[in-house]
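A.B. asks: Residue numbers (this note's numbering), protein chains in the order written: chain A, 1 to 176; chain B, 10001 to 10213; chain C, 20001 to 20118; chain D, 30001 to 31048; chain E, 40001 to 40300.
Careful, some of the hints might be misleading.
For lysine to any residue, the following SDA-like pairs were computed, each having C-alpha atoms within a straight-line distance of at most 20 Å [what the hints assert, rightly or not]:
| id | chain 1 | residue 1 | chain 2 | residue 2 |
| --- | --- | --- | --- | --- |
| 1 | B | 10145 | A | 160 |
| 2 | A | 146 | B | 10138 |
| 3 | C | 20100 | D | 30106 |
| 4 | D | 30960 | B | 10008 |
| 5 | C | 20100 | D | 30148 |
| 6 | A | 146 | B | 10132 |
| 7 | B | 10190 | D | 30955 |
| 8 | B | 10201 | A | 132 |
| 9 | B | 10002 | D | 30106 |
| 10 | B | 10196 | A | 132 |
| 11 | A | 145 | B | 10109 |
| 12 | D | 30960 | B | 10030 |
| 13 | B | 10002 | B | 10109 |
Everything labelled a hint here was simulated from the structure, so no lab data went into it.
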Amino acid sequence: MRTLYAELNKRFPLGELTVQREDLGFITVEREHLRALLLHLRDLEGFTHLVLLTAVDWMEEGIFQLTYLLSDRKKRRDLGLRVMIARDGASMETVHDVWPTAATYQRELCEMFGIDFPDSPGVHDPFILEGWTDIPPYRREFDTKKYADETFTHRAGRETNDPAEYMKKQLYPDGA
Amino acid sequence: MKDELKKRIITGPDGFEFEVDPLNDYYCDAPPKVHPPAYVKIVEDLFNWARSESIWILGFGTGCGAIEMRPLMTPRFDAYRYGVQWRPTPRQSNLFIISGYLSVKTLKRVIRSYEQMQSPKYVIGLGSCTINGGMYWDSYNTIKKLDEYLPVDLYIAGCMPRPEALLKGFEDLKKIIRAGEGEGANIYAKNFDWYKANQKKVIQDWDMPDYNW
Amino acid sequence: MVYVALITGFLLILMGLYGALTNRNILRMTVAFSIASTGTHLVLVAVGYIPGRTAPILDGAVTAADASLRIIDPVPQALVLTAIVIGLGVTALMLTYAYKLYETKRTLDISKYTDLKW
Amino acid sequence: MVSTLFIIAGGLGAAFLLGLLREEWRGFAYGVTLAALAFMSWVAGSWLWAFVFDGAVGVDVFTAGHNPPFAINLRMGLPEAVLVLLVNAMGLMVGVYLKGTLMRLGRRAMAVLLVAVLALCGIILTRDIFNLFVFIELTAISTAGLVLLSADARALGAGFKYLVISQIISILLLVGIIFAYHATGTLNIDGMAEASVALMKGGTLAFFLILMALIVELKPFPANGWALDIYESAHPAFSALFSAAFSAAMLFAVDKVLLIGGEPWPKIATGVGIVTFVGSNLLALSQTNDRRLLGYSSVAQVGLVLTVIGQRAVLGEHYLFVVGGILLAHSVAKAGLFWVSGLVVERQLSAWAVLRQNPFLVFAFATFMALLIGLPPFPGFYAKWELVHALVSEGRLALVVFILFGALLEVGYLFRWFGYIIKREASVESAMSKPVAFLPRKLVVIGVGVVSAWGLGYIWGALSDFANVLQALPVLFALSFLALEGLPAKLKNTLAIVGLVAFFAISYENYNQLQLIFGAIILIGGAVILLASYETHGKRIGFYPSAMLMYAGLAMLIVAEDSFSFFVAWEILTVGSYFLILRGKFSEPHALSYIIFSLGGAFAILAGFALAAGGAPRIPLEALAQVPATLAPWVFILLAIGFMTKTAAIGLHIWLPGAHAEAETDVSPMVSGILLKAGLFGLMVLLLNMGKTQFYGVELTYVLLWIGALSALLGNLMAIFQEDAKRLLAYSSIGQMGYAVFGLAMMNHLGWLMALMFVINHYVYKSMLFLSVGGIAKRTGTRDMYRMGGLIALMPLSFIAVLIGIIAVSGVPPLSGFGGRWIFYNAIMTADARLPMILIFLSGPVAFLYLFRLIHTIFLGQLKDEHRRLKEAPFWIVVPQMIYVVFLLGFAVFPGLALRRVDAFLNPYFPNGGLNWEGLTISSDFGYWSPVSIMITIGVIFATLLAWLVYLNHNAQKVKQFNIVFAAERPYRPETTHFAWNFFAPYRKALGFMVQPFVTQFWDGLTGSLHHTAQFTRKLYTGNGQTYAFHLLAFVVVVYLILVGGLV
Amino acid sequence: MFEWMKIPYALLTLFIVVNYGLLMTALIAKIGARVGRRHGIPIYQNYIDLIKNYGLRSSITHGFMFYLGPVFRLTGGVGLILFVPIIYGSEVFSNFSFAGDLILALYFIFFGTLGMALGAGESGHPYAAIGISRGLSQVTMAELPLAMAVFAVALQYQTLSITDIVAAQQGGILNWTLFTNPFAVAAAMMSFLGSMMRPPFDVVLAPQEIPIGPPTEYHSSYLALMQTNRVIFPIAKIAIFMSLFFGGAASWPVFFLKVFLIYMVSVFVGVVFPRFRVEQSIRWFLIWAVPMGVLGLVWV
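Sequences and hints are given; from them, build the entire structure.
C.D. replies: Dropping the structure here:
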């Protein structure tokens, strides 16, 4: 993994490398190098598979972190590329032409985080939220509980317990 | 709303132009009717007995409970013994098992399928999610109380209940039917506006007729 | 003598035809055809000629009475006269055509006049 | 009577007079010219009148008061009179036609025209061989002069080439003449003929040269490039003269000269003629220039006449009739076509579409075309009949084959051209939008041509030994619609219906049972279909003459008693139906393949009849039974092939789908429901009279059995893969006809009964289905079934028609189709062959597939957006359908009404295995069937159950088309929800190999290779005058070598 | 003159056949279940289902043909049973066989198919159309060996009357067509497999792929009518097979037994083999059944 990083670093200006496992690492890259890097990884380094594309909402920093997780099946290693983009008017270049599967992930990100991917096919079509009018639900400013309370009727008499506490009480009623 | 559902101007083969309103022209918009039981009691009793002994389930797995329904067909549980069998189309089914949580998107399909079943028809809510949301009680995208949206005859609690519980549920449902209390379809028709209001509250892009025949 | 004339006639015909088929120039072709017709005329006359007799002209030398014994067959003579006249006409027409053709394309090469074919 | 000499003198005198006139007096000069031509024509006409009506005998005119050989003599006999009249009249017409050009060029041009005409008369009249030479040279010179009339600069080159050729010819001729003279001592043709023996001793070559010189003047293939160039570039009026009059005169000269030669020489004429006929027609296939095409055609026709001249001995007393028929037909037709070509600005064939602006011109073209091809009632038809019969009786079969093949080629390109005229868009330059003004003067000339064409037809009909086609009532009725073209279509339709019904009423008495069935279908059935024609508006020009011609042919066919009248009827119905089919919007190629197959089949029939006749001019149809055993199988095969082109048996079927599918709404049922029956009728006549026939040990009916079975299976299989509803029905017709052929070929009582039942049923349900589908196509604007769907509620009547139709077709009880199936099974119980049954067994259920598809994809399934406001099919299209529905229901219950009579009719022919009609039950030797019981039983059960269901479901909610269970989703568009396209995809996967278009590929390959041959061979004509001269010499040499070889 | 007594006799036949059919199909379902080590449905389950479906309260209709579909279907079944002489030698149970012979029966089979297809088509459901397309494609090819076998039998006995054919097979088991023309019978039985809508030829109904195929939109009493037909029709068909190939039946017990055994042929095959696609089954018929039929034809 480190050799790969060293190799890549010769060609692209890369951020730091986080090695999670021997076969799984994450690299932070600049947005403008992403595409070239992806193509390089896909065509020359054997990362043929886009495992997933997901986002993390760093609300406090005002950024979204996009993670492109790639897999090299021959060498059994995975590499995640992190790209930071601005949270306001979030938008990112589409990579569906590199991996067609990306279109689906991008559609999901668009719906859940409100990140736009111009030119990605069907990116604005509803994915699982048909007729959603509120702000995208995975943004952290979205208050799920409040929304659920307002939208859905709850059955009276429901109790909520902390499972650990509750089981403790059930199994050891004497507090031992 | 999808483009296909919007009104459009069509030119006929003879050059005549006219408007097509898909929601009106392609879908029947009659409201459901209340179907009274047979006039003669003994006939109704016979029918109810037959209904209870011939429960055809709509094969529609909405949540994780669908996994629990499959074993009923296997030799171990063999629900066929009780006159229970699965049908591939709502038209021919009598029992709709809501097997677990219902997302809003699925609810729309469930309503549609339910309305396409013929009366009398029954609904079983399987698992806690259908009762009060269960572990999804605070989810932004699942309904919490099934009977707000559909007339439920029977709930089977658990997360998830085992197939045996389902079999027991069938037996209880049979009793309900035989007692002439499985009138969910009529309740739905009677309280149609209320159900619709509830449904439309969560389904915000309501783009179908009120009743899906 | 008769045979000489006959053979000469046929030679002329063949020469004429050969010339007409090998020369591309329209004027040359016309000339070649003239040669060939001359050959034909020669053949005509030669066929009608009987050795030792005189021309079929009834004058002092030949009287009407002995004409049938003294003169050669007059019919070919008549024919040849007609043929010559006609040949002249045709040749004249060909020359007219040659002139007209030349006016259109400024060439006398017959192989250039193949607009019509197939 | 005026002396013949006045013809020559008149022309010559006028020409001299013209020379004296002042250049400016053009009008006067023109008047003189026309007057001279008219005078010459009058002289010729008066002679002809005298010969025909006053019984005058031929006279010889001796010039200079001497007898030949000392003087030139002219002869005037009947043929001379006819030809001279032809030449002069043609000259007169050309004079009129050329008015503009002549006035522009002045008196000299007029003089040349006069000289040309008189020279031609001279060629015809003279009996002196040298005089012939002189006239020929005169002709050559004047021709070269007249070529210059053309505005086309290329004509110069053509004229020069012609001069080159004529030089060579004159050399050949002169040399030949002088040696012939030398050998015989005379220049008189008759004298030479008397001295033939002496001539042939030493002067063979001399005679050969004379003959070749004349033949070469007739433009034999392939030494005829020069002539084609003239045709292409000369003024069309002159080309008319060149083609019609020159050829006629030269042919007569050849005919005269051949007298000298005696025995072996006519063979040369025949040989050269037939090569020319076939070769030129073949080359004409790939022509796109109209005048050059006409040139090829002219050359070919002259070749045909030459062929016939060579067969003089065979024809005997009919010689003049045959030669005259072909020659005059050719002259008038070709002249007419050249005149018409003068009205068309552009030279490619499709530019003739401009003629559409004037229906008269279309009619004229059709007349000339029919005249040229020899369709009834024109002279060529009678001539062809006589010719083929005579040739066949002498055993000259190869010649017949070549003649017919050449004629078929001619049919090909002429009808293709006609198709262009009717269907093609005129090119941009001659913009159809602005009507072209046709000069009335020229129209009159063409009109004279048309009138003479029909006149000739009448004359030849009267002269023939047979009934005059133009006196047959049905034909007259059909032709009378030509005169009524100006009336509105609805009125004409009424007349037509009344005519058909009235004719049936008249003929009813005389029909036997078989004829009655066919007669009822053709006349009454035709009238019912015509009801649908009330739907059309306007005048519908061209429809009624064609349709009535077809019906006339059909009506004459079923009452025909001898081979000739049968064949006449056959050709008439073929032609009529061709015009009908051609009316369809996109039917041009299909109509063409229809006419080619049909006329090809007709030629086979002609040959078959000729073979069977054995020298007699015609035979009663019953006499087919007495054909000697050695010939019988051949006759059988030829006739069967001919008839099967109409029933579209597999292999000969490729014309049918397009022709039926592309035809107009009310035409499709006519050509499908009625026309196909003609082929069946033919087969019935054939089988009734010839019965089982062995061919090298193979039973021919057994072969028919296989053909029928294969047609049934493959027709049906192809039908299920069609997307086009009418095409589907058309392919189904192939299958249905296969069934009928199969039934006939079984040669037993029930097989025939089944075939007849099919005849009735197929007429009814195919007409009904075609009308129904046609009505729907009219409303929806498409014939593709997958574009329709869900029309049941909008077009309930059409639906009922189709429903009843498909139940009847598929043979499901209780409708009448079942009767057919039942009889079929009983019939095959006694048939000898078992294996072909398997194919039939399969084709039955397969039929079910396409029928279901028809009803499903059109009426059921999803209604499309654009069809939501459709109305029921037009009233008049629905009316006949409802009549059919009622009939089908009635026929289902009481099939005995028709079948019983047929059953009785068949008894004499097939005494065993008839049906027993006692009570309500029909029984055979094997089984039984009671239509009434079936109907009642099914009816009661059905009604009971329906009542029960309605009772249970009386309050069912009526829902709309998208209220379907769609896996919890819902459909968005009807197009994506209607399962219709490629409906039987699995079938294609499994059995698609059986519907590979092998037959189409075969015919494509055949026509393709013909075209390629033509394309390749015509490169021979390089356009170089020298090459042409070389061709000529080589031709002479080759013929000589062949001749020497042949004589040795 | 029509004997009116035939009507009650016919109703009696119908009654017996319906009840037998209901029980037999349940029994066969049970046997199928036992193969899968289940208990399966109760033997009277078919009655309950039938009553239940007749007793449903609501229904919808897609149009006129939608109504007619089941009517056609059941008319086909009932008509077929009435046109076939059920019990050999019995005047009472010969029903309306006087109306027509074997050919009538064979062609009348299509009556219901056609009506059903039309009704299903009217529902507008693409799955219905797909199912019809498959069903028709398959049945045409399955018909071929049957037609050949029937023809062979008719030739063999020189009659098209079912009664006569049965008569010719009397007098011992070896007189059955099964033994006198085994090839024809083999072909016919293969065809039989193809027409019974059981594996491997049940792709028409494929419940998960094209939910139940043609009847996908049918419900309530429509479905009940079709269910009624589903018990009558196979029995009628088997009765024909039995008469043609297996010596017919001279009494009801023999009838019951033979029908059951013949039905079991398709069940045996069905529980063992997986499903064919349509083109596969067409090829199968062409390769195996058609040659059998040819042999049967040649054999006669």
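A.B. asks: Now tell me if each hint is right for this structure.
C.D. replies: Okay, the hints, checked on the actual structure:
Simply put, residue 10145 of chain B and residue 160 of chain A have alpha-carbon atoms about 16 Å apart, close enough for the 20 Å limit, and the pair holds. For a cut-off of 20 Å, the pair hint linking residue 146 of chain A to residue 10138 of chain B stands: about 8 Å separates their Cα positions. Our distance criterion of 20 Å between C-alpha atoms is met by residue 20100 of chain C and residue 30106 of chain D, whose separation comes to about 19 Å. Restraint check for residue 30960 of chain D and residue 10008 of chain B: satisfied, since their Cα atoms lie roughly 18 Å apart, inside the 20 Å limit.
A C-alpha spacing of about 10 Å is found between residue 20100 of chain C and residue 30148 of chain D, which places the hinted pair at or below 20 Å, so the restraint holds. For the suggested pair residue 146 of chain A and residue 10132 of chain B, the alpha carbons sit about 16 Å apart, so the restraint of at most 20 Å is met. Between the alpha carbons of residue 10190 of chain B and residue 30955 of chain D the distance comes to roughly 18 Å, so the proposed pair stays at or under 20 Å and holds. Our distance criterion of 20 Å between C-alpha atoms is met by residue 10201 of chain B and residue 132 of chain A, whose separation comes to about 12 Å.
For a cut-off of 20 Å, the pair hint linking residue 10002 of chain B to residue 30106 of chain D is broken: about 81 Å separates their Cα positions. Of the pairs offered as hints, the one joining residue 10196 of chain B and residue 132 of chain A holds, with about 19 Å between alpha carbons and a cut-off of 20 Å not exceeded. Only pairs whose Cα atoms come within 20 Å are accepted, and residue 145 of chain A paired with residue 10109 of chain B is rejected, the gap being roughly 25 Å. Taking the CA atoms of residue 30960 of chain D and residue 10030 of chain B, the gap is about 11 Å. The hint holds against a cut of 20 Å.
For the hint pairing residue 10002 of chain B with residue 10109 of chain B, the CA-to-CA distance comes to about 16 Å; that is within 20 Å, so the pair holds.
In this structure, the hints that do not hold are numbers 9 and 11, in rising order.
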